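Enquirer: Sequence order for the protein chains is A and B.
Residues in the first sequence are numbered consecutively from 1, following my numbering.
Residues in the second sequence are numbered consecutively from 1, following my numbering.
Think of the hints as simulated: they come from the structure by calculation, not from any bench.
Values in this document were obtained by computation on a predicted structure and should not be read as measured data.
By construction, the Cβ of each residue, glycine as well, lies at the ideal position given by its N, Cα and C atoms.
Don't take each hint at face value.
[As the list claims (entries may be wrong)] Taking lysine-lysine pairs in the DSS-like style, the calculated list, with each CA pair at most 27 angstroms apart, reads:
no., chain 1, residue 1, chain 2, residue 2
1, A, 224, B, 224
2, A, 120, B, 121
3, A, 120, B, 120
[Stated by the list, open to error] Label-pair ranges, simulated between beta-carbon atoms:
no., chain 1, residue 1, chain 2, residue 2, range
4, B, 269, A, 269, 15 to 21 angstroms
5, B, 98, A, 50, 42 to 48 angstroms
6, A, 71, B, 131, 53 to 59 angstroms
7, A, 242, B, 324, 23 to 29 angstroms
8, A, 216, B, 337, 30 to 36 angstroms
2 protein chains.
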Amino acid sequence: MKIFMMKNRVYNFGAGPAMLPESILLEAQDELLDWNNSGMSVMEIGHRTSEFTALLEHAEKSLRQLLSIPKHYQVLFLGGAARTQFAMIPMNLLHPNEQAAYLVTGIWSQMAYAEVLRLKKAYCVASGESSNFSAIPDFESWDIKKESTYLYYTPNETVNGIRVPFIPEMGEVPLIADMTSCLLSEPIDIERYGLIFAGAQKNIANAGLTLVIIRDDLLARTPKPIVATMMDYQIQTENHSMYATPPVFNCYLAAKMFDWIQKQGGVQVLYERNCAKAQLLYQFLDVSYFYTTPVVPEARSIINVCFSIKNKALEQKFITLAREKGLAALQGHRTIGGLRASLYNAMPIAGVEALVDFMAEFAQDNPL
Amino acid sequence: MKIFMMKNRVYNFGAGPAMLPESILLEAQDELLDWNNSGMSVMEIGHRTSEFTALLEHAEKSLRQLLSIPKHYQVLFLGGAARTQFAMIPMNLLHPNEQAAYLVTGIWSQMAYAEVLRLKKAYCVASGESSNFSAIPDFESWDIKKESTYLYYTPNETVNGIRVPFIPEMGEVPLIADMTSCLLSEPIDIERYGLIFAGAQKNIANAGLTLVIIRDDLLARTPKPIVATMMDYQIQTENHSMYATPPVFNCYLAAKMFDWIQKQGGVQVLYERNCAKAQLLYQFLDVSYFYTTPVVPEARSIINVCFSIKNKALEQKFITLAREKGLAALQGHRTIGGLRASLYNAMPIAGVEALVDFMAEFAQDNPL
Chain A
1 MKIFMMKNRV YNFGAGPAML PESILLEAQD ELLDWNNSGM SVMEIGHRTS EFTALLEHAE
61 KSLRQLLSIP KHYQVLFLGG AARTQFAMIP MNLLHPNEQA AYLVTGIWSQ MAYAEVLRLK
121 KAYCVASGES SNFSAIPDFE SWDIKKESTY LYYTPNETVN GIRVPFIPEM GEVPLIADMT
181 SCLLSEPIDI ERYGLIFAGA QKNIANAGLT LVIIRDDLLA RTPKPIVATM MDYQIQTENH
241 SMYATPPVFN CYLAAKMFDW IQKQGGVQVL YERNCAKAQL LYQFLDVSYF YTTPVVPEAR
301 SIINVCFSIK NKALEQKFIT LAREKGLAAL QGHRTIGGLR ASLYNAMPIA GVEALVDFMA
361 EFAQDNPL
Chain B
1 MKIFMMKNRV YNFGAGPAML PESILLEAQD ELLDWNNSGM SVMEIGHRTS EFTALLEHAE
61 KSLRQLLSIP KHYQVLFLGG AARTQFAMIP MNLLHPNEQA AYLVTGIWSQ MAYAEVLRLK
121 KAYCVASGES SNFSAIPDFE SWDIKKESTY LYYTPNETVN GIRVPFIPEM GEVPLIADMT
181 SCLLSEPIDI ERYGLIFAGA QKNIANAGLT LVIIRDDLLA RTPKPIVATM MDYQIQTENH
241 SMYATPPVFN CYLAAKMFDW IQKQGGVQVL YERNCAKAQL LYQFLDVSYF YTTPVVPEAR
301 SIINVCFSIK NKALEQKFIT LAREKGLAAL QGHRTIGGLR ASLYNAMPIA GVEALVDFMA
361 EFAQDNPL
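Just chain A, with the same shape it has in the complex (with noise of 0.2 angstroms):
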């Protein structure tokens, strides 16, 4: 069995935090006492230094080519969790006597559904739920109300392995997405969207910085006073994301992790990678007598692969083996057990070919 070990490295399919490309990890490492000849750490170096603020600046201009940003859309750097937008969304774009859609696909579309109706009116547009989450609901089956402020969703829902197969078709109600998992994985059209938010921790940096992309007419719909400034869209975009102090470190790594696609040849030449990983993995899952997949083909995420041997007693010894065999963190997200490899843009081919070799020879070795 072939297993590409990177020095002592492992492959690592982990949902997030995710593997980082190794190139900028090195690059991390050796200027870490010592940033562009500066004599300190990039930790080290004030938010609103030159130094910084040319970072800030270039890491936007990298994400701007890279995605195709418009003008009309602003891009902030926020510290913290994706999380905080479930509620930042609805607290700046949804006034007293308006309501919103969810579309509710996946855990997280779930959560980001029950968050609004703790405070504000939504209703659900189509749920996966019977389903288990392993099938989209028709869009020709939506209940679209004719007044929706917006409509929410999650392209591709990280703990259940299923992606929406196609854009919502809204006419002019604005489409909100949380792309924490799939932005930067795949081409995207910036104008199909009002707003689009990433936490870092998957194919940007580090956890603790979230990424929000948005369309400057949902900016000027903020009520005042909002609860909190700190979570204004408006006041953040007005101060550069320098509100309060950004999370450095994690806007330096996303800087260097912009670059690396650059160099890579852009978001096309990772997203046919990528289908090309996913492609290797589902096509050995669909003729195995041994694993299974539980999402149908034709939502299957190409970023989180969900599988789950028949007997489900193997799989402890199948995440303890493969580990020992340098392939992590492939244990299924606690809320629903199973198993799952994540292929987020730093995964090589090489990991999913070993993983792939790997669950050839643990299906041979271990009988049903």
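Once you have looked at the hints, place chain B on chain A.
Expert: For chain B alone, coordinates are given in the frame of chain A:
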């Protein structure tokens, strides 16, 4: 003039993000691609793995030891900037018919007071604004209203270089303290406080983490539903700071910092060092015909020393020349100008000696 340079490194007098102990950076550098023999960076480790939960538990235990935190106080490691606390505190602790007391002694307490006024009822017990924040109003002069839910204050004001040289005696009224710039730089009696918070980027770790220490009885005050579940102290406590993905790398550095403080001999030893560092600089300033410091002696910060040159036209030259000599980030806060030397735990006495030597030389070479 003696300047002790650590390799290519400089003495960084920035107020935050601030200098970190070199030994911590060296350890982090060494482990950056392979932490704890995991074959992964700590940034790539799932936050719910046994490895990371053990790290966070160790960090909490160390902090509890360093500050003798009693069991009826909870410790939270929250993602994002400390400024979020300006809203979280009233959102969690202040009910509709209640009012809170705020002591305004500098820019940060002034901003916290402005935030509470946007949404809740609060009043100012006393303000140092008329002295341009160069003195703390006498406790006897405070306008304390009988019914105050809590007293909020900022024991050390980073921008203005001023400290409150006593703990306000408020009877049963809980004290809430923003200790962003002073936590772990001097011993404190936790039981005098109801809630303490601190952003990490001064004395704890890199930017993107906020510590909160909160007494159990205050946790019970959170109204339901609170706006934004992420801002609910109770929920964060029940989830052991893992309601969402915490800032993993910052927590890792914080754990190292707590161990480092322990190795130095604890908070009391660092306090004595900090006093010695501050005394060296203030003594020099007090006898100088060239430099001046605005704060009254009894309220001078031991952490952020604000000063200026009697001929302000020389300050830019001072900053530039100091930087060339490896003494970095001596400019005052952008809102008030002047000069400032921040002397957090990580600043060695040699750095302050080098600064004083440089200041003497600069005064000699530049007529007023």
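Enquirer: Does the Cβ distance between residue 242 of chain A and residue 324 of chain B fall inside 23 to 29 angstroms?
Expert: Distance hint for residue 242 of chain A, residue 324 of chain B holds at roughly 27 angstroms.
Enquirer: Straight-line Cα separation of residue 224 of chain A and residue 224 of chain B no greater than 27 angstroms?
Expert: 22 angstroms, holds
Enquirer: With respect to the beta-carbon atoms only, verify the hint that residue 216 of chain A and residue 337 of chain B lie 30 to 36 angstroms apart.
Expert: 34 angstroms, holds
Enquirer: The hint says 42 to 48 angstroms between residue 98 of chain B and residue 50 of chain A; measuring C-beta to C-beta, is that right?
Expert: 45 angstroms, holds
Enquirer: Would you mind confirming whether the straight-line C-alpha gap from residue 120 of chain A to residue 120 of chain B stays at or under 27 angstroms?
Expert: 20 angstroms, holds
Enquirer: Between the alpha carbons of residue 120 of chain A and residue 121 of chain B, is the straight-line distance 27 angstroms or under?
Expert: Since the Cα atoms of residue 120 of chain A and residue 121 of chain B sit roughly 24 angstroms apart, the hinted pair holds (cutoff 27 angstroms).
Enquirer: So does residue 71 of chain A sit 53 to 59 angstroms from residue 131 of chain B, Cβ to Cβ?
Expert: The hint (53 to 59 angstroms, Cβ to Cβ) is violated, given that residue 71 of chain A and residue 131 of chain B are roughly 47 angstroms apart.
Enquirer: Is 15 to 21 angstroms right for how far apart the beta carbons of residue 269 of chain B and residue 269 of chain A are?
Expert: 55 angstroms, violated
Consistency note: the structure conflicts with the earlier hints numbered 4, 6.
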